[in-house]
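Protein sequences appear in the order of chains A and B. Counting in this note's numbering, the first sequence runs from -15 upward without gaps. Counting in this note's numbering, the second sequence runs from -2 upward without gaps.
Hint data in this document are derived by calculation from the structure and do not stem from the laboratory. Wrong hints could be hidden among the right ones.
Unchecked claim - With the C-beta cut set under 8 Å, the calculated list includes, among others, these residues of chain B facing chain A:
| no. | residue |
| --- | --- |
| 1 | L21 |
| 2 | T23 |
| 3 | V29 |
| 4 | L67 |
| 5 | G81 |
| 6 | L99 |
| 7 | R103 |
| 8 | D179 |
| 9 | W180 |
| 10 | A237 |
Ideal Cβ placement from N, Cα and C applies to all residues, glycine included.
These are the residues of each chain, in order.
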Amino acid sequence: MTSATFAPTAEPIAIPIREALPWVVFAGLILMLAIYFVGAEEGATSLIKGMYVHEFVHDGRHLLGFPCH
Amino acid sequence: MVGTLLIRGMLIGIVAGILSFAFLKTVGEPAVDRAIAFETQMDEAKDKAKADEAMAKGMSMPKEDPEPELVSRPVQAGIGLFTGVTVYNTAFGGLFALAFALTYRRMGDFGPRTTAALLAISGIVAVYIAPNLKYPANPPSVGDPDTISMRTGLYFAMIAISLAAMIAAWMLRNRLVARYGDWNAALIAGAAYLVVVVIVALALPTVNEVPEGFPAVVLWQFRTASMGAQIIMWATIGLAFGAWTERAETSRSGLRLKAAGF
């Protein structure tokens, strides 16, 4: 007879929503703001005066697929 | 836990950004340069036509000052491109980690690597491929500045709808798995996503602002370069994040076993 083997079931579980939510909201907002600056600032809308941000990230904006001028 | 995942995602995003930059620098920039050359040619032709017209009327042409260049081309194609692409990739790495934190062990009985790979595939389809089939990436000189607000609005609306449809499709898949099995549930959910996105794409207005005579080859090169950069980003994030998280998880459960006296 084979001896009983322990099969340690360290079955990973989902991260509780309550723990994840603050991260998702705050970090999510900041990250989306970063994408906004690369993708749309001084194009369709403008938070900063002038065209410097737009011109600086110009090539990236085009190649990443955002509408640009 | 979520903080660790977030930092992991953003670090991988930086790596993805460097890879994307190298790719876009070699494959994307030639197309951008050719598009700008076309634009310059068109502008010169327009100016010349205006000058000829003025000459014919016996007037002297008022000399227009060229637009002052705010950022030079080498900066745009170098550090500017690098900054834009790296910020974008890092941000997506972080957002990917947040999505992973929310969906891990909720998408089905998948380990970290499978979850990350499925997330990346769903992500590139929902956020880039579907919206870009309707509103493709455009090189410089394609696009009317007067319609930028409308085009940006439509593009982001398309992304939002496509992403919402993808999330709904995954929820549908999870509800159907018990009854129809893995394969069929996924097929039904995939078909549902496709139907929604196709209907929305047909309903939204079409934008065609490619100027007369713009070289088709340049447009194709530009769009394939854009697609390539997205594939690099999503593949790097999806594969590296999954592998790293799986490693971290097994070493953690290993520690737990050791602590328990195994």
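Outcome of the hint check:
{"no.": "1", "hint": "L21", "result": "holds, 5 Å"}
{"no.": "2", "hint": "T23", "result": "violated, 12 Å"}
{"no.": "3", "hint": "V29", "result": "holds, 6 Å"}
{"no.": "4", "hint": "L67", "result": "holds, 4 Å"}
{"no.": "5", "hint": "G81", "result": "holds, 3 Å"}
{"no.": "6", "hint": "L99", "result": "holds, 6 Å"}
{"no.": "7", "hint": "R103", "result": "holds, 5 Å"}
{"no.": "8", "hint": "D179", "result": "violated, 19 Å"}
{"no.": "9", "hint": "W180", "result": "violated, 24 Å"}
{"no.": "10", "hint": "A237", "result": "violated, 18 Å"}
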